[in-house]
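Take the given structure of chain A and dock chain B to it, following the hints.
2 protein chains.
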Amino acid sequence: FIILKSLDTLKYGVRTGHPRFFNQLSSGLDVVGLAGEWLTSTANSNMFTYEVSPVFVLMEEVLLKKMQNIVGWLEDEGDGIFCPGGTISNLYSILLARYHFYPEVKTRGMGALPQLALFTSEHSHYSLKKSAAVLGLGTDNMVMVKCDERGKMISAELEAAIVSTKKKGLVPIYVNATAGTTVYGAFDPLNDIADICHRHSLWMHVDAAWGGGLLISDRHRMKLQGIERAWSVTWNPHKMMGVPLQCSAILVKKRGLLKECNELGAEYLFQKDKHYDVSYDTGDKSIQCGRHVDAFKFWLMWKAKGSEGFEAQINKCLENAEYLYDQLQRRTDFKLVFDSKPEHCTVCFWYTPPSLRCLPAGPEKEAKLHQLAPWIKARMMEKGSAMVGYQPLGGKVNFFRCVLSNPATQQEDIDFLLDQIVQLGQYL
Amino acid sequence: FIILKSLDTLKYGVRTGHPRFFNQLSSGLDVVGLAGEWLTSTANSNMFTYEVSPVFVLMEEVLLKKMQNIVGWLEDEGDGIFCPGGTISNLYSILLARYHFYPEVKTRGMGALPQLALFTSEHSHYSLKKSAAVLGLGTDNMVMVKCDERGKMISAELEAAIVSTKKKGLVPIYVNATAGTTVYGAFDPLNDIADICHRHSLWMHVDAAWGGGLLISDRHRMKLQGIERAWSVTWNPHKMMGVPLQCSAILVKKRGLLKECNELGAEYLFQKDKHYDVSYDTGDKSIQCGRHVDAFKFWLMWKAKGSEGFEAQINKCLENAEYLYDQLQRRTDFKLVFDSKPEHCTVCFWYTPPSLRCLPAGPEKEAKLHQLAPWIKARMMEKGSAMVGYQPLGGKVNFFRCVLSNPATQQEDIDFLLDQIVQLGQYL
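As given, the protein sequences belong to chains A and B, one line each in that order.
For the record, in the first sequence the residue sitting at position 25 is 25 according to full-length UniProt numbering, with numbers rising by one throughout.
For the record, in the second sequence the residue sitting at position 327 is 327 according to full-length UniProt numbering, with numbers rising by one throughout.
Take these hints with a grain of salt, some might be off.
Copies of the same chain look alike in the list, so a pair counts if it works inside one copy or between any two.
[Claimed, not checked] Cut-off 27 Å, straight-line C-alpha distance, at most; resulting in silico cross-link-like pairs (DSS-like, lysine-lysine):
(1) K341 <-> K152
(2) K335 <-> K272
(3) K11 <-> K274
Treat the hints as calculated values from the structure; they're not laboratory data.
Bound conformation, chain A alone (with noise of 0.2 Å):
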């Protein structure tokens, strides 16, 4: 009976594997991630000491230095955890810029700061002013950067912000860039960010959650170039690499910070007359005291198919937003958001059905463009024939957000989703 109900729930559920799942950054379903995933849950263990989990904090030591010497650290430098999320992670990063520098915060609370004023760009992820929120440094002190048509953050706004921020009292600590942004899929100038953070001594974090994974391929590395200038940097194995959810890390350049910051020194979990060296018991860094497993499907699969195995799979992904890029601009009923070739697995483009063809442009062909992607979405899901998300930005009307990240997904799964929008848009 069990068993049964359990088979209804995959059933039921959507199946983020499959290849023309298009919908989240996350999909794919990596079978040696899975079986570390399964491994896990019968171990069913926790992360707080390494009298409980010796393997398994051994192993993501492993991973995050490993992490770290991709990102470009020196071998002296270097920190990091594994967190429930990308949002998590980000918060590590302004906790830790905040704690940086103005170390009081812990016992004493805001009340004894200045007024703070952190950065990020216009179409940097969500999780940055949520975490300003959460902190208590206020979503209006999260000031949101221009950036340009393609989504990456103007360095020379983030100065002129920086420099007006001063000047109307506040001290700013903080900067965040991205690499890979959500929708888009933009890298922020990390060269050039870091330069401005250097002059202004500010916190440079690189949110990589998206994009990090792209350090792992020659191809296209140089994209994140300049993020080994980061004092903290974002990245989840789960979204480019394939990892089963979840597997998310903040790497922190300087040693020591993250447990400053953080421990407590709970006596009756990390006493310090244990019999093995303490410095293994890393729970205290966190802001969790449980916490989930997440290392060890990770580890298994960078066994199993090495740096090279990871290289291929986002190679490809890649190759897949340019095929789709190149469809886009050859057939004339679909129009590019932006047209530059993609830099990150993201494409983002209209649809025009025969209805609105020869419509002229207006507020009225708009507003049936802005009902046509949900509508089509829609019935898509209806047939279970493809998911793919949507959404308007800024003043632009709902486009198609075509997410790549499944190393599954063929050519011919994109021409579907291409047939398929068409053959939907001609019944409207």
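Leaving out everything else, chain B in the frame of chain A:
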């Protein structure tokens, strides 16, 4: 090769499901729960929206409603969300209390607020202090209220602390009462605390991460009398109910507050023009974006064993604790840390080996006793025979804290533990 590596990982890991694993509040390995976790990882889904996780989102709502009913809230009250662990659940409670009294904090930050004060007992979990640090309230403003010998908050001390904090110019907003403390397993007097919170208009949170399971048992639920008066409750089914890690809920009495406090309405995820009732998109209530599916295994276990099954499990664990208590009282070489029947599944005690028995009470004996528990634990771990925690507390030297939350534990396992301690202790 990969399979072999994986099995090695289990071999060198700690068997947290073993009936002689007495080390942590979460233990045991429920096969139905494990099957649920395996299916969850196969679905590889994410809790942000109904469109991506239709079944899991509905299951989460059903479970949260069930838990709210058990807490005792009215039909039109109650909200909640599953979180990555009890610490994050407790963090939510403070976040919500702050927002409830000062909604402007979301946009303007703590700078716009007076200096706030929070209250919890000195025996409460360290996550309360940690959350105060993270949220920017400061650990100094988390006032630690005195407890009695048994580890229960003294309500008169709470009221005195509130009054004196007000005199200092701080604004009290929040009291945490613990239902099942981490070390002693004590239950704070919830009704007395609720009266005080009512008098001073404070948010009352109950941290029932560890004790919440007892609500399912007719025999034990009176220990949490008054919990229905709380404004929020943390309850971890992964502790006393044996659900595989992780499974923790924050329950909130006031409906809609979670969403108001945390929502940002990101347009790429929470489109308003979807083809279904978007009130099912509960993801924006969270401080996370992506969120692990923690509901399914719990739902499956509840279907499989019913409330009666959970009740029988919990009653058995408490009987085991009473059995250990009886044995310790009977044996002259053991001494209880406090001499009253355990209210929950932790029992704290010292062992005095033959070599120390004739030593007069005093600093020398205390010092030797302090070293004993870590030494015995280390030997036990080397042998792999059992695992039990220890710690000092206040002026008390290291004592053993034995946790009996695994329903697979039998009385002979408890006898084994005590015999093992005696056997290892004789070599000293």
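A quick look at each hint next to the structure:
no.	hint	in the structure
1	K341 <-> K152	within (14 Å within a copy, 64 Å between copies)
2	K335 <-> K272	between (63 Å within a copy, 24 Å between copies)
3	K11 <-> K274	between (49 Å within a copy, 22 Å between copies)
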